[in-house]
Structure formats: C-alpha cells, structure tokens
Amino acid sequence: MTPLNFRRRPRAGFRLALLAGLALALAPAALPPQLQRAAPLLAGAQARQKQLRISAIPDQNPEKLNRLYGLVASELSRQLKVPVKYVPVTNYTAAVSAFRTGDLDLVWFGGLTGVQARLQKPGARVIAQRDIDASFHSVFIANTSARLKPLRNVKGLAELKGKRFTFGSESSTSGRLMPQHYLNQAGVKLRDFAGGAPGFSGSHDATIALVQSGAYQAGAVNEQVWKSNLRSGKADRRRVAVIWRTPGYPDYHWIAQPNLDQRFGKGFTSKLQKAFVGLRRSNPQQARILELFGAQKFIPAPVSQYAAIEKVGRQIGKIR
Amino acid sequence: MTAIPARSWRQLRLAPPLLPLLPALVWLPVLLMLPAVFHGGGWDLIGQFARAAFSPSLDPQVLGSALSGLGVTVGIALLGWALSLALGLLGGVLSSRTVWRTATGSALPAAWMRRLLAVPRAVHELLWGLLLLQLLGLQPVVAVLAITIPYAALVARVVSDLLDALPTKGLEALRLAGAPAGPALLTALGPALQPGVLSYGGYRLECSLRSATLLGVFGLGGLGTDLRLTLQSLQFHELWSGLWLLLLVMLALEALLRGLRRRWAMPARFGLTHRSVGRGGREVALGLLLLLPVLVVVAMALGVNPLQLGQLQPLPPWSADWPAVAALPWPSLIGSTLGLTLLAAALAVGSAPLLLLMMAPWPWGRVLMQAIWALGRLWPPPLTALLLLFVLQPGVLTAALALAFHNLGILGRLLLEAEESASVLAEEALGAAGTGPRLALLYGRFSVLARSYLAYGAYRADVILRETVVVGLVGAAGLGSLLLEALSSFAIDQLIALVAVYVVLTLVGEDLSDRLRRRLLAA
Amino acid sequence: MTSSPDRPPLELRAIQVPGRMAPRLMEVSLQLRPGERVALVGPSGAGKSTLLAVANGLLSPEAGEVLWNGVAPARSRRRRRRQQALIGTLWQDLRLIEELTVQQNLNAARLARWGWPRALLNLVLPLDTAANAAVLERVDLSALLLGQPVTALSGGQRQRLALARLLRQDPLLLLADEPLAHLDPRLARELLGLLLEQARGRRALLLSLHRPDLLDGFDRVVALRQGRVVLDASPSELTGSQLAALYRSEA
Chain F
278 MTPLNFRRRP RAGFRLALLA GLALALAPAA LPPQLQRAAP LLAGAQARQK
328 QLRISAIPDQ NPEKLNRLYG LVASELSRQL KVPVKYVPVT NYTAAVSAFR
378 TGDLDLVWFG GLTGVQARLQ KPGARVIAQR DIDASFHSVF IANTSARLKP
428 LRNVKGLAEL KGKRFTFGSE SSTSGRLMPQ HYLNQAGVKL RDFAGGAPGF
478 SGSHDATIAL VQSGAYQAGA VNEQVWKSNL RSGKADRRRV AVIWRTPGYP
528 DYHWIAQPNL DQRFGKGFTS KLQKAFVGLR RSNPQQARIL ELFGAQKFIP
578 APVSQYAAIE KVGRQIGKIR
Chain X
427 MTAIPARSWR QLRLAPPLLP LLPALVWLPV LLMLPAVFHG GGWDLIGQFA
477 RAAFSPSLDP QVLGSALSGL GVTVGIALLG WALSLALGLL GGVLSSRTVW
527 RTATGSALPA AWMRRLLAVP RAVHELLWGL LLLQLLGLQP VVAVLAITIP
577 YAALVARVVS DLLDALPTKG LEALRLAGAP AGPALLTALG PALQPGVLSY
627 GGYRLECSLR SATLLGVFGL GGLGTDLRLT LQSLQFHELW SGLWLLLLVM
677 LALEALLRGL RRRWAMPARF GLTHRSVGRG GREVALGLLL LLPVLVVVAM
727 ALGVNPLQLG QLQPLPPWSA DWPAVAALPW PSLIGSTLGL TLLAAALAVG
777 SAPLLLLMMA PWPWGRVLMQ AIWALGRLWP PPLTALLLLF VLQPGVLTAA
827 LALAFHNLGI LGRLLLEAEE SASVLAEEAL GAAGTGPRLA LLYGRFSVLA
877 RSYLAYGAYR ADVILRETVV VGLVGAAGLG SLLLEALSSF AIDQLIALVA
927 VYVVLTLVGE DLSDRLRRRL LAA
Chain Y
897 MTSSPDRPPL ELRAIQVPGR MAPRLMEVSL QLRPGERVAL VGPSGAGKST
947 LLAVANGLLS PEAGEVLWNG VAPARSRRRR RRQQALIGTL WQDLRLIEEL
997 TVQQNLNAAR LARWGWPRAL LNLVLPLDTA ANAAVLERVD LSALLLGQPV
1047 TALSGGQRQR LALARLLRQD PLLLLADEPL AHLDPRLARE LLGLLLEQAR
1097 GRRALLLSLH RPDLLDGFDR VVALRQGRVV LDASPSELTG SQLAALYRSE
1147 A
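One line per chain: the protein sequences are F, X and Y, in this order.
End of the first sequence = 597 in my numbering, gap-free, step of one.
End of the second sequence = 949 in my numbering, gap-free, step of one.
End of the third sequence = 1147 in my numbering, gap-free, step of one.
For reference, chain F alone in the conformation it holds in the complex (with noise of 0.2 Å):
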C-alpha cells in the first residue's frame, strides 16, 4: 500500500537551521569586548607587566565577591597608581595554581591555600590579615529538624556520625581543614557521615544554604560568613543553629608574588602592605571595604603563625 507510506521531509527547516547555525559561530565574534570581562581568568598576559592582578578565594557568593574586590581594585589602583584588576577564579585550587604560575599578583588566600601558595612559589610575601584573622573561628552549624544540642566540648562532636554532614570548598581552611582536624580529635572520620562521605557544597554561603534547606542535616563554616548571613537575615535561626565554635586558628591572608618590586618599582610591596593597614573606618569608601571584609582594620601578618596550619594540613593530607 505505497500511498500510505509517508516519508519525511529531508529539507524542512534547513534554511532556518543554517542561519541558526550561522549566528551561532559568529557570536563569540561579534562580542569582543564583553568577553574579555567575561573571560578574565583567561585574559592574557598582553597586560601583565603593568597591571596588578588580584584575586581571591571563591569563598562565598561570586556577586558578593565581585562587589568587595571591585572597590579593593579600585582603592588600591588610587593609592598606589597603578592599574587594578580584580580576576576572579571559581576554586581554590585555580587560585593557587595561577598563583603559582603568576597569573595572579596579589590573592586574598585561606590559611591553607596560602600555605599551599607559598610552598609552591617560594619568595611570595605575605601582605596581610584582618584583625579577626589571627584566632579565627569555624562554627559547626545544624538544621533544627536534626535535633542536635549545642555541644560543651570537642568529644561532643561525636554525635555527627551518621548525620548529612557538608564542609565547604575542600581547600578551605574554616570550612573543611579545621573542622576535620576537630573531627578527628572527636573521633570522626570521613566515612563516619551518612552517605560514606561528606559533601563540599564549594561556599560558605552554600553550605548554610544547603543545611538550613535540609539538604545536609549539618555543616562547618567561617564564623564571620555565618554572622553576616545572620545579620543579612539570610540564615532563619528557627532552622539552622550553631552547635559549636571551634577554637581560634590564624586564617586569610593577603599573598603577594615576590616580584612586584621589580614590577612595579623599589618599594612597592611595602606600599601594598601599608595600603591594607591603613584602611580606616574613617573614610567612607575604605569603610565600605573593612564592612564587606567583616573587620575593623588589616594588621600585618606574622609568617610563622601559619606553621600550627600547616601541620594539621600534613596532617590531614591537603599539604604534601
């Protein structure tokens, strides 16, 4: 019965396709100017002698960073007058690489990362810390349906076995490095957790997301991340509560590469340094910066606080 086989139409919607097609690989072309912002990790090094490159951590929310290191650029590119640029990068992990193979001059880096930074580019100087960083806290956070009570002492932990548990990003210092040395003096190993293994949500701000959704029944973050999403409202109390505070720890700090000075004229290191220390609540637009950095001031950084950090990282594992 040949009528009633009907074929397909092999032409239909050729043209339309072609044209699709057509647009479709001109696009990136006809956008140049907008993809060198949107590719800024990949921007090239056509700029790199005269531009200063910072970075950071992708700790929290990207809008958020990019909001705080945009005004840290622009403060910096008015008090050392020289060109500014803030590189985001979207883990820690890229941050120390491209560190490393200088792609970034000047990166806002955890404890950890900036330990693992310095191993692998010996002569980067350490610029910086806020005054909160010297004895910094992680607090382990729950969602109330796990009923979990506060907890009176490290052993306390313990009870996390079993439960959803969610660090941070896996190179964090507050949110994965700390918390699981705590862990482990409580007893608590990785596979301990329900599921055989914790979750890295990644961000601070994503775990209080995740266990305050139910997602995780409990996580470790940054104690000033997790105070500022109180104050923004962003974390309910009615359902995600701290359960403990970990003992203080030094955290971030700014690294710089060891050759700016050669960069960017005799000196100029130090300049960066006093840049940071003298940021005052005074000023409005350096007001701003220390709000978003949750801190009063930048003090400068002793090197040798951060071998407590890199034990436990050896510890641990994350440093080789």
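Honestly, the hints are just simulated from the structure, not real lab data.
Ideal Cβ placement from N, Cα and C applies to all residues, glycine included.
A portion of the hints provided could be inaccurate.
Over the 12 Å line for every Cβ pair with chain X, so calculated as not near, a few chain F residues [to be verified]:
| hint | residue |
| --- | --- |
| 1 | LEU357 |
| 2 | LYS358 |
| 3 | LEU428 |
| 4 | LYS438 |
In silico SDA-like pairs for lysine to any residue, Cα to Cα no more than 20 Å straight-line [claimed, not checked]:
| hint | chain 1 | residue 1 | chain 2 | residue 2 |
| --- | --- | --- | --- | --- |
| 5 | F | LYS398 | X | TRP744 |
| 6 | F | LYS398 | X | LEU561 |
| 7 | F | LYS438 | X | GLY490 |
| 8 | F | LYS341 | X | PHE464 |
Given chain F's structure and the hints, the job is docking chains X and Y onto it.
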C-alpha cells in the same frame, strides 16, 4: 506431520528486540536501593529549582554575563573542535594500515601510531584541562587544548578505521598503473572518506560544546563557570538564564548539523549502511573556507595566543611517596569506579528504549521525553550530581544516576534518529492487525535497531568510564573522588598513579567494548 | 464484541477519499458477505490500494462509512484494536520481521490478543508450538522451520509464512493488495489457491489483482476505474471485452 520440537531451557534465547531493554533490568535493584540513599532533606530546593525554570532571571546584567560566558564556551568548543579535526585527520592518515602499506609496504608503523594515540584518548578532557592548567597557567589556550588533545586522538582512530575499511581495489589499480603513493591514496580513498568524516566531524562539534561547558564547570572559563557558581549559591533563577541560553544554542547546533547531514547525504551516526558521496563536495569546501576566518576571529576574541604554548611552567614542587601511593585502597577504588561505570551505562543504555516504548502511545509524552533528554545532554553531569545531592546521599548510586542522566540524553537522541530512519513497515503491519503501539514498536522496529543501538551503547560505556572522573565531587565514587582530592592537595605522585590507572582501565575497557561491538554487528 | 453470523465482515458506504488532482475514491460502496471471496481489479491508479487501506483502517475516509461486522470503527483505542485484530492483511512486501524466527513471527499475529507477559515470553521461548505447526502445515510448510530465522527462508517459503501468519491471526476479513504481483506464475497460482481456501466459514476475502486469468475461483469481481466502482459481477458473467474496456488507456 513432522515432529514438533519440544520446549526446553536450551531454547531460551533472547530475541533482538529484547536486547536493548535488557540493561534496563538494572532499574530493579536501583529502585530497591534508592530508598536507602534517599533523604529528601532538600525537596524544597528541588522545587525551587524546578519552578525557577519558568522564571529565569531577565536582569540585563545576568543575561549579559551568561551571554558572554556562552560566547566563550562556544568559542572554546569551536576552536577545540576545528583543531582536533585537523590534527585528527592527520593522525588518522598516519595511523592507517592502508596508507602505510601503500607508502612503505609495511603496516607496522600504523600499529605503533595507534598504540601511541590510545594514551591521549584515554584521559578525559577535564583531566587534560586540569593538568594543562598546572603547566600553562590560567590561559585561554588551556581549555582549547584540553578539548583538542583527546578529541584529535579520537578522530584519528575513527578516521583510520574508516580508511582501513574502504575497499582498496581502486587504489591497487592506480598503483599498478604506476601512480605514486600520495596521489593514488588521495584519488582512490579521499572521496570515499568524505561522508564518514563529515558526519563524524559534525558529531564531534556537539561533543565539543558539551565538553567546553563541562570544563567551565571546573573553572576553565565560559558559561559552565556561571552555571556551577549559581547552582552552588542556590541562585536558581540566574542558573536557568544560563541553562536556557545553552539549551537554545545546543538545539540550534543539533538542528544545523542534522540539516547539513541530510543535505550532504551523510550516513547516520551508527547506521549500518553507508551511502555514497553526496553532491555537496563543493558546498563542504566552501563551508570549510568560510570557517577559517571565523576561527581566527574567535581565537583573537578569546585571547588565544599560540605563543603561550612556549611558556611552560614547572610543576609545583612535589615529593614522591610511592609506598603511600601503593598503599591506597586500589581494589576498592577500581571496583567502585567500574561499578559506577557499569551501573551508569546500564541505566543510560536501557532507559532510552524503555522510555521510548513507554511513551509510544502518547505523542505529547514523547515531546516531553525529548525535552528531558535535551536537558540531560545539556547539563554537565557534575551539576546533576550536585542537584541530586539535595535529596540523595552521596555515593556510587547518586553519581551513577547523574552520569546516566547525561548519557541517556545522548543515547536517547541517537535512538530516536535510528528509530526515524528504520523502516516503519513491519510496525505498521502489526498495528493494522490490532497490536498496541508499544508492542508494535517493540516487535516491529526495535528488532531492526537492536544490534546497532547496543553496539553504540558499548562504545558509550567506555566514554562513561572516562567520564567517571567528573562526578568525583559526589564523593565515595572511586578514582574520580580521590583524583579531585589529590588535585586540591597538589599530590602529584597520587595524580600520576591515578591517571595511569585511568589510562589502563580505559584501554582495557575500550578493547572489551570493541570486541562486544564487533560481535554485535557481525551477528 | 459480539458479531452475529449474518453481519457483513466489511461494508463500505459511499466512501470518499480526496487526492491531489482527482479524488482517489468517489462514492465507493461495497459489501462483503460472510465467506465471500471478492477480487478487486482495475488499472493502476484506479484506487485499489486506497480502498484496501480504508478497508483495513490505515486510512480514514473523508466521507462515508466503514463498518466492520456491522460496527463503525470504535473511538476507544482498546476497542478499536479489538476490531483491527479481526482484519488480516497480506502485504505485498510481506512485512515479516526479519530479525525474528518463524515461530516468533507467527506468534506476532497474536499480539493483539496477548498481554505483555506472553508477548515478552515469545521473545525468549518458543510459545504455542503446536498451533504454529498446524498453521504451517496448512500452507504446506514443515514444522521444522519454526526455529529458523526468517532470513533463512526461500522466496516461496516467505510467501507461505506470511499467509500462515494471517491464519494464526484468525481474522474475519482477509485483505490482500496485489499479493501475486511479483510471483512467477506457478507460485502465484499456488498462493492464490491457498488464499481462496482460507476464506471459508464466515471469513471473507478481498484481494486486488491485475491478472484476469486468475479470477475463476472468486465469488465476485469488483472493478474500479478512476476511483469509482464500474463493475460488480460474478467471474462467469464477466466478458473479455468488459475487461479490455477496463484496462484501456484514457487517451
């Protein structure tokens, strides 16, 4: 009357239509296991995510950032694809037995080339990307090269297979008539090679777009980066702005390639019949000519600078602790990686025909299914995995579901293509005799598709083995998890060992799947 | 569905099917009584295939009524399928499922009546061997072929298998669109003999063909020309000049 053969267990034989459905049996244990890993804590989030699909953010800044991210992703995909095709063709010619035999009289160098090319192929593009990142720093070249290297090796293999499968009579005749090796090869094999290479080349572009997105998810630039960050910060409206844009581009690309494939009369991807060269030779040449300036402009826009290749950085300082590396729980790591691969492959290969069969009576169901498959192709598996973690516990099953969803999207489309090109006559006859649409599809059309679909499924299984590395973030998922952990600890000794194990596994897997495929197609 | 013995297995009333230039069927009415064997003749393009497609439900007419056993095509999918199960079609290209065995092909004719479990089991185990052997015997094929793949059969064996499959379906209405077109004379005669033999009891047969020399065994001959019924007579009444007029070109 002749003797009627008695029924016995010996006669138990699976007929072809059942074969594609067989892997779907894995759903039985999966459904049994699912309640054990289901926690449902984040249902809210899943709901928010789904609702956000209908109200993506239209904020110009979000759209602008997504669009330019998309531009970078497409640019990387295009460059990586073009380079890999060029290098792959060269590699294919150099690893062809026919070519070497014609040129030197011995096919031995071809065998060596093939073995050499197996190594770059066995390493997933993500690993290439992360390794190159260490060597080259954050340069746009990294993502392009990460796609180029494994893809070129894949293309080379396919091209050499195509070359060696061509009849050599014409070539021999030319050689006997005294033609030199080069021109003889070009004249005798060039035109016959064209349709296969074009069809496969087009397919690689689709893959390249997916890979570029995935590389972005791991921070190597482009839209993938935005997708991951918005997902991790639970900004679902912004996430969907990017996803919808990516979907549009992907569907446009697929439509374009489908159109070109038809126009230039290329064989279907896993079709058994190879049609002869179409009349599109001149158009193809013109298209390639047009592509060149586009590529140059894209490279300039992305800031890809070939000179950067010369500026290799040393690896980070590392000390090898081989006894510690050897003491890693290798059997369980490899076991869970293989388990993950098989589970994901079975789920993906089996679900596509099962769903197609279930939707047979409902045209709208089919449309919905196709839409879901498109999303599966689109979403990089790590994003699916992160989403699944909202309601499932981490582990092999969760990782397998994420990988399976992605590959289901790819296999499903291939199955639909094959279904459309398979004859409808037997199915129509069954329908006219009152058979329901599902059984008519099963008996009438799955019979024809079964072997070639499964053969493709076998190939897909080894792609999945390579891909297990990308769902490492779901945790407890074998080598992939350890690999990501090793990367963030800069444990180079572990990295070397893990990559080596991956290479060996992939090569063994490739060999097994090749044998299976050959058996399926020969039967 | 109940079917009383006197209801016509097929009745077409004023069927209208539009075509691109001229209508493919115009006001065609036709009734097959139980057990009746009707030959459909006419030149190419006269509308024979269209009429058969309407008769087996693949094509719905624009106007007019189709009645199977006196009942119009059901709206409900399930009831419609039960109606279709009683219509057997012998396709010119046979439409056997090449990848399956003879046995599985024969059982495929029962799918409309079987549920999923048996339909799936048929793809794993030989089912209903006795019934299948019986239908093979009726078309002069050996039961030893049951386990063979269809691809192993000769051309003539395939024709017979297609017929055996129809018997296995056990329809009330047998339709065949030029089943003899590409067969050598001896095989054509044999197959036609088998087909005519199957239309017995209440089972009616409607068969389109080109060859006037094979019309003897039919009860009626219906001729189509340009989409209309131009002749409806018993073969013995049919004269050579009538046939000649039918096939004369329209120059």
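Each hint tested on the structure:
1. LEU357: At about 23 Å from chain X, LEU357 of chain F clears the 12 Å cut-off, so the statement holds.
2. LYS358: 26 Å, holds
3. LEU428: 21 Å, holds
4. LYS438: 14 Å, holds
5. F:LYS398 - X:TRP744: Holds: LYS398 of chain F and TRP744 of chain X sit about 12 Å apart, inside 20 Å.
6. F:LYS398 - X:LEU561: Answer holds: LYS398 of chain F to LEU561 of chain X is near 14 Å, not above 20 Å.
7. F:LYS438 - X:GLY490: Answer violated: LYS438 of chain F to GLY490 of chain X is near 45 Å, above 20 Å.
8. F:LYS341 - X:PHE464: 33 Å, violated
The structure fails to meet hints 7 and 8 from the earlier list, while all remaining hints are met.
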